[in-house]
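Visitor: Each chain, written out:
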Amino acid sequence: MAQAQTTNATTEAHGGAHDVGFPPFASETFGGQLLWLAITFVVLYTLLSRLVLPRLSGIIENRRAMIASDLDNAAAMKSRAEEAGTAYEKSLAEAKGRAQALAQETRAKLSAESDAKRKALEADLNQRLAEAEATISGKKAEAMSHVDAIARDTASAIIERLTGKAPAPQKVEAALNQIKA
Amino acid sequence: MASPIEQFQIKPIIPVINFTNSSLFMIGAAAVIVGGLLLATRNRAVVPGRAQSVAEVLHDFVANTLVDATGKEGMKFFPLVFSLFMFVLTANLLGMIPGFFTVTSHIIVTFALAMLVIGTVVIYGFVKHGTHFLGLFVPSGVPGWLLPFIVVIELISFLSRPISLSLRLFANMLAGHIALKVFAGFVVSLLAAGGALTILAPLPLLMAVALMALEFLVAALQAYVFTVLTCIYLNDALHPGH
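Residue numbers (this note's numbering), protein chains in the order written: chain A, 21 to 201; chain B, 3 to 244.
Everything labelled a hint here was simulated from the structure, so no lab data went into it.
All the given hints hold, so there is nothing to weed out.
Here are the computed distance ranges between Cβ atoms for each label pair:
hint, chain 1, residue 1, chain 2, residue 2, range
1, A, 55, B, 196, 45 to 51 Å
2, B, 150, A, 77, 42 to 48 Å
3, B, 177, A, 77, 34 to 40 Å
Here are some, though not all, of the chain B residues that point toward chain A, as calculated from beta-carbon distances under 8 Å:
hint, residue
4, 10
5, 11
6, 24
7, 35
8, 39
9, 40
10, 43
11, 48
12, 57
13, 107
14, 109
Positions of the beta carbon are idealized from the N, C-alpha and C atoms, including for glycine.
Required output: the full structure, derived from the provided sequences and hints.
Guide: Written out as structure tokens, the structure reads:
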């Protein structure tokens, strides 16, 4: 302190009214500067560490978390979309397979049905054909059985016209049988 | 004309509580820092505006500097380092405004800040690592006969840290402001001299403009240098074993 004052005194002597030496080395001002530096810095430190920095790092952290969660959401959505895509393809393939099976089944059923119908129709026709043949042969036999009687009647009628008297039926019968044989 | 060192004069404002122009500008710097940062972050926007971007850039810049030098565990010193950086930067830049007092142009202020750093390093080092912290002065892999000299050199280098840290900032601010004032003074002197000398007056003016730009650079750079060295010294406290 004493030294500083002497320095001041000498500089003042040849320096001028307001020249009090080199201010940064004027040790009598140190106490006041240190006091106010301490007060200011403690207040600054407290305000920054309690108020400003938590807010600032909160903002930055919040943004980082938001970006990370957005990216996670996007990835989750992407995988969901991919899942949906594979599920769609799978169901599409299944449906195709089912459609094919159904078409095959229907085709088989239809052809079986038409086969059955055709067979039934054929059977029906065959039966009817057989019936018709039986009828024809019946009629034919019946008609043939009438031929003898007609021949006998005709023969006796002719003889009656020629001779004027009816022949004995036994004789006509015998003659006819002779011709037939 | 005023002397170039008149700008460093401590002028009492309220003598009873030792309140001076220096105290005023310290409080001014703190108010600018806290007020500015609170104002910039008032919206807490996810997409930051201009002011909030600046605040975030400052935050990330100091955080990255600290993490680069000390690793993740150094973040416990983040409020201290951020306060130091902002205080030195704001005090330096406020001093660039003509007529304003430069708090950091006084050795006692820069020395106190440097002692705060070294004090933190020493106290934290001993509390955390005990005597192991002294391993800082004993580098590994040194031959036995050389060890005493190395320890002495390491000790001197450690003790000179607060001096170099405070002198660097103080001298840069002091010299820059003196140079500015001297060149500005030349302009006035040359104009007053009359004749041919008056024509030369723009030359020191150009110089003063160029120096002004340089001083803005120095103001920011010295705040950064102070912060980087603080981080490096804090790293010693965190990891004393070389």
